[in-house]
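Now for the letters of each chain:
There are 2 protein chains.
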Amino acid sequence: MNTTGIGLQEVRAAYQRIQGWIHRTPVFTNEGLNKVSGRQLFFKAENLQKTGAFKARGACNAVFLEKEENPKSPGVVTHSSGNHGQAVAYAAKCAGLPCSVVVPKGTPKVKCDAIVNYGAELVFCEPSPAARKEVCAQIAEATGKAIIHPFDNYNVMAGQGTIALELLEEVPDLDAILVPISGGGMTSGIAVATHGLNPNCRVYAVEPFGKELQRSLENKKRMWDNPPRFLETIADAIRTQQVGDLTFPILCDYAESKVFSVTDDQMIEGMRFIFERMKLVVEAASGAAVYAAMNSLEDVTPPPRKVGVILCGGNVDLDHLPWIDRKTSY
Amino acid sequence: MNTTGIGLQEVRAAYQRIQGWIHRTPVFTNEGLNKVSGRQLFFKAENLQKTGAFKARGACNAVFLEKEENPKSPGVVTHSSGNHGQAVAYAAKCAGLPCSVVVPKGTPKVKCDAIVNYGAELVFCEPSPAARKEVCAQIAEATGKAIIHPFDNYNVMAGQGTIALELLEEVPDLDAILVPISGGGMTSGIAVATHGLNPNCRVYAVEPFGKELQRSLENKKRMWDNPPRFLETIADAIRTQQVGDLTFPILCDYAESKVFSVTDDQMIEGMRFIFERMKLVVEAASGAAVYAAMNSLEDVTPPPRKVGVILCGGNVDLDHLPWIDRKTSY
Numbered sequence: 001m002n003t004t005g006i007g008l009q010e011v012r013a014a015y016q017r018i019q020g021w022i023h024r025t026p027v028f029t030n031e032g033l034n035k036v037s038g039r040q041l042f043f044k045a046e047n048l049q050k051t052g053a054f055k056a057r058g059a060c061n062a063v064f065l066e067k068e069e070n071p072k073s074p075g076v077v078t079h080s081s082g083n084h085g086q087a088v089a090y091a092a093k094c095a096g097l098p099c100s101v102v103v104p105k106g107t108p109k110v111k112c113d114a115i116v117n118y119g120a121e122l123v124f125c126e127p128s129p130a131a132r133k134e135v136c137a138q139i140a141e142a143t144g145k146a147i148i149h150p151f152d153n154y155n156v157m158a159g160q161g162t163i164a165l166e167l168l169e170e171v172p173d174l175d176a177i178l179v180p181i182s183g184g185g186m187t188s189g190i191a192v193a194t195h196g197l198n199p200n201c202r203v204y205a206v207e208p209f210g211k212e213l214q215r216s217l218e219n220k221k222r223m224w225d226n227p228p229r230f231l232e233t234i235a236d237a238i239r240t241q242q243v244g245d246l247t248f249p250i251l252c253d254y255a256e257s258k259v260f261s262v263t264d265d266q267m268i269e270g271m272r273f274i275f276e277r278m279k280l281v282v283e284a285a286s287g288a289a290v291y292a293a294m295n296s297l298e299d300v301t302p303p304p305r306k307v308g309v310i311l312c313g314g315n316v317d318l319d320h321l322p323w324i325d326r327k328t329s330y
Numbered sequence: 001m002n003t004t005g006i007g008l009q010e011v012r013a014a015y016q017r018i019q020g021w022i023h024r025t026p027v028f029t030n031e032g033l034n035k036v037s038g039r040q041l042f043f044k045a046e047n048l049q050k051t052g053a054f055k056a057r058g059a060c061n062a063v064f065l066e067k068e069e070n071p072k073s074p075g076v077v078t079h080s081s082g083n084h085g086q087a088v089a090y091a092a093k094c095a096g097l098p099c100s101v102v103v104p105k106g107t108p109k110v111k112c113d114a115i116v117n118y119g120a121e122l123v124f125c126e127p128s129p130a131a132r133k134e135v136c137a138q139i140a141e142a143t144g145k146a147i148i149h150p151f152d153n154y155n156v157m158a159g160q161g162t163i164a165l166e167l168l169e170e171v172p173d174l175d176a177i178l179v180p181i182s183g184g185g186m187t188s189g190i191a192v193a194t195h196g197l198n199p200n201c202r203v204y205a206v207e208p209f210g211k212e213l214q215r216s217l218e219n220k221k222r223m224w225d226n227p228p229r230f231l232e233t234i235a236d237a238i239r240t241q242q243v244g245d246l247t248f249p250i251l252c253d254y255a256e257s258k259v260f261s262v263t264d265d266q267m268i269e270g271m272r273f274i275f276e277r278m279k280l281v282v283e284a285a286s287g288a289a290v291y292a293a294m295n296s297l298e299d300v301t302p303p304p305r306k307v308g309v310i311l312c313g314g315n316v317d318l319d320h321l322p323w324i325d326r327k328t329s330y
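Chains A and B, in that order, are what the protein sequence lines are. Heads up: the first sequence begins at 1 in full-length UniProt numbering, then just goes up one per residue. Heads up: the second sequence begins at 1 in full-length UniProt numbering, then just goes up one per residue.
None of these hints come from the bench; they were simulated from the model. Treat the hints loosely; a few may be bogus.
Below, in silico cross-link-like pairs of lysine-lysine (PhoX-like), each with a Cα-Cα straight-line distance of 20 Å or less [said to hold, decoys possible]:
| no. | chain 1 | residue 1 | chain 2 | residue 2 |
| --- | --- | --- | --- | --- |
| 1 | A | K93 | A | K72 |
| 2 | A | K35 | B | K93 |
| 3 | B | K93 | B | K67 |
| 4 | A | K220 | A | K258 |
| 5 | B | K35 | A | K93 |
| 6 | B | K258 | B | K220 |
Please take these sequences and the hints and turn them into a complete structure.
Below you can see the structure in the form of structure tokens.
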């Protein structure tokens, strides 16, 4: 463990703990995309992960540890816009623990169904960061269930960091990794692991436009207005504006302060590109990293040649693909 | 070579010839789908193949052989509803040969663009089997280009058979393989290779409703009405009703005479299932095999436990996904 909470050692321990329960996801390359981008791109297909998103890694690590450390645990509870909830439900099922998931009203049905299918209890709340936390805390209080925070939890971060273990084992000499960011659990885990394995490899966060993470990272100080809010973005997996209190210092230490901001239209372009060229179903959040890889690395020095791109998830409402919906609504 | 034109030896030779130019595609499994189907399913992801479909295998084998056997070849020409055309264009580009592709009017734009992007010349014809052949023959006559038939060509069949080499290397003890069928090039190639590698593994064709292949296979005689026609099906990759003159005897010898017929709605269900559960973009033709794997194996004896399912391609018009278009048009 380093001064900021987790180190490569915790990520390695997480990998030992979870590897029987998660997929080692493939790393895809595509000559066409290399040509268009002028770089060698390596796509880490976490859309093919258990539960359809990288979140299974962090959830398994945190939930399995809860069971190890508290054999009589009454279970776990979490709040999540969907992917983390599904992941905690999956992890709890693997561990044989009861599970409650608080989700904001309006969460896509496909994600709610998946949570219920893993045997978890679903609790709806108002769609604000404050309401989520409150309902989650009430359940924890009433039942003794352990709260598994979506990102501000070192065990979750360490689990997400295992993405970098696999990716850098396959492509050790990456110059950069692009990570879609919401609360910062995945980016901080990947940044810590990458720093430990290949300090020359830069980790960049890719955010929905309006998050304004770069200003905070440059100042090493939280510059956001409070109370915390959700961003207006089509990428429902990365709507949290402020990164976590625990993830922020790690991001300041190990991620690049340069952050790529991507608009909804740009995310959709990146998303559709992966459907069309790579035949993979990915979420809009994944599209953000793809767009940045294709279009935003021109001005970065030194220019990264070999770039990892995290396709973070594939839980899409297939009845409402954004490039079709948007065309219809014009 | 066996009495019916190709054997395992030709398939192995094809693999040697093409393996530097095609992907060894992954074989995916999915616990959820195993549970629903009550079997162990192994999905061969030819949607991730070069050009987005298995056709790259057969085209490479045939085009590379043309170049080997005729070093001064003026090039190749073919007719195709899209995937084979794209594949021949790709193969010709790899081989450095000129290429013309005859496509029926109405072929999805995404497929036409891909052909042109590989540097081939595009020639439109009326959408009938006869018109295709005629235009193709005219070009061959005028230019000396070699015709690369989409399926009635032993070199093409041998190339498609390499799918089975890879699949059975990974899962040697499959009980059955389900193959979407159009002209029969892929099914015959897979059937020949499978017979050579594991004669206990049965190869079943899955057809669009109305093709009536089973009647011909059971009688070992072509029972279709002439002239040849296209089927009315949403799966534009498998619209040919009659299998080829060269593929038919091989199918009679090595494929099961039992054929699974799948309606458009069923294909769409299978297709959507793969998008949603496996996060893969697949064509309707792939959905046919998926639907059969999930729903049609109950009455088969002995019941196959381990089943290979060929996801033959992923070249989809993403602006017109059938489950969305159909809902809109109701």
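Exercise. CA of A/K93 to CA of A/K72, is that 20 Å or under?
Worked result: holds, 15 Å
For this session: Verify the proposed pairing of A/K220 with A/K258, using a straight-line Cα cut of 20 Å.
Result: Roughly 12 Å between the alpha carbons, so the hint for A/K220 and A/K258 holds.
For this session: Below or equal to 20 Å on CA atoms is what counts here, so check A/K35 against B/K93.
Result: Status holds; Cα separation ~16 Å.
Exercise. If you draw a straight line from the CA of B/K93 to the CA of B/K67, is it 20 Å or shorter?
Worked result: Since the Cα atoms of B/K93 and B/K67 sit roughly 12 Å apart, the hinted pair holds (cutoff 20 Å).
Exercise. Is B/K35 close enough to A/K93, meaning Cα to Cα at most 20 Å?
Worked result: Distance ~16 Å between B/K35 and A/K93 Cα, so the pair holds.
Exercise. Given the hint that B/K258 pairs with B/K220, does the C-alpha gap stay at or below 20 Å?
Worked result: holds, 12 Å
The structure agrees with every numbered hint stated previously.
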